[in-house]
Amino acid sequence: MGVLLVWIGWCAIAHAQVSPHAAPQIWALQSLGQVSTESSLIRLRDVAKPIGTVPAEWESLGALVVGLLPPDGRSLTLERQRIADALSRRVGPTTAIRWSGPMSIAVEASVASTDLARQQNSAPVTPQSSVSAGTTTVAKPDVPSTLVANPRSAAKVPIQRTGFQQTTSLPLSSAITASVVVPPPTAEEPPLPLVATATRMLRRGQILSPADLVLAPLEKGDSTEGMVLDIASVVGQQLQDNVYQGRPLEKLNVGAPILIQRGDLLEICVVGGGIVVRTGGKAMEEGSHGRLIQVETSEPRRRLLARVVAPGKVEILTRPPQTPARFSP
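Using mature numbering (1 follows the signal peptide of the UniProt record, and there is no 0), the letters of the sequence shown correspond one by one to residues -16 to -1, 1 to 313.
Calculated directly from the structure, the hints in this document are not laboratory data.
Incorrect hints may appear among the rest.
Claimed, not checked - Derived DEER-like restraints, expressed as beta-carbon distance ranges:
id, residue 1, residue 2, range
1, Arg246, Ile191, 17 to 27 Å
2, Pro54, Met87, 14 to 24 Å
3, Glu172, Arg58, 26 to 36 Å
4, Arg58, Gln190, 46 to 56 Å
5, Ser207, Met87, 49 to 59 Å
6, Pro194, Ala294, 23 to 33 Å
7, Arg58, Thr37, 34 to 44 Å
8, Pro201, Val293, 39 to 49 Å
9, Gly257, Gln190, 35 to 45 Å
10, Ser207, Ala294, 36 to 46 Å
11, Ser207, Leu249, 44 to 54 Å
12, Thr183, Pro54, 38 to 48 Å
Nothing here was measured: the structure is a model prediction, and the numbers come from that model.
Backbone N, C-alpha and C fix where the C-beta goes; we use that ideal spot for every residue, glycine too.
Using the sequences plus the hints, can you model the full thing?
Take a look at the structure:
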């Protein structure tokens, strides 16, 4: 039994020595922190370089597409880890890649390509343009193969043209297609209505002045029903509720100013038959101009209904006594 175990172990060692599977290759790549490119396609050789011995496969791998620059000239940031993961899946388990350098790579368009993009974006678009409403398929340039390093950032690229805006979806695969959605031209929308809007925080009980309000456009889709459209119509009115800065003023938020508060001492004028009798009293409730409120006279103490005519002053109108009509025989 012991001889059998020794023989099995020797066979395993011999098989390991003559195994055709060689040790995995080790590459060393360094990411570049900030680069510029003239092409809108970002390739692996633009953002990384080999260190030491250059592998034979680098010529083809360096042409792999790892990103796409926005056509409006904005820069793009690529994560080194995403590029490393995608490249590892590409080369397979027989090759180990050791990375060094910055974790994030900033890629920007060169001056020449930026000027060209601006000229293209500033070109007028006519109805006879080749871009129309719907989906347009753009042929893929002559690219050896594609490496998707950052699918999320490369999935949608906004393109702005004079007069309209379109969104281009560019999935980085063996066949690049661009779905260009161009909205049809719409008629000019009418201007939004103007409503009275608070210029600052307005508190309940405050008397409105012209400086408290400004005419501002109403939000799209909102109705002007119940809104104050004329500032002059509410100047001098009193707020019934708090109104925050930037909020439209509603008609329910304002009312006539309160001239008499509950508990105020009053001058009560009893008017009737050309005679005016004045006495003192107390307000039993608050009221604005012209409103009927309950008051209580001092001597004797009686509760009556009186009309508010001024701050601290109410009026009671009485009918003059009527004499019965006399008929002659």
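Compare the structure with the hints numbered earlier in the document and write down the numbers of the violated ones, lowest to highest. When the structure is compared with the hints, none of them turns out to be violated.
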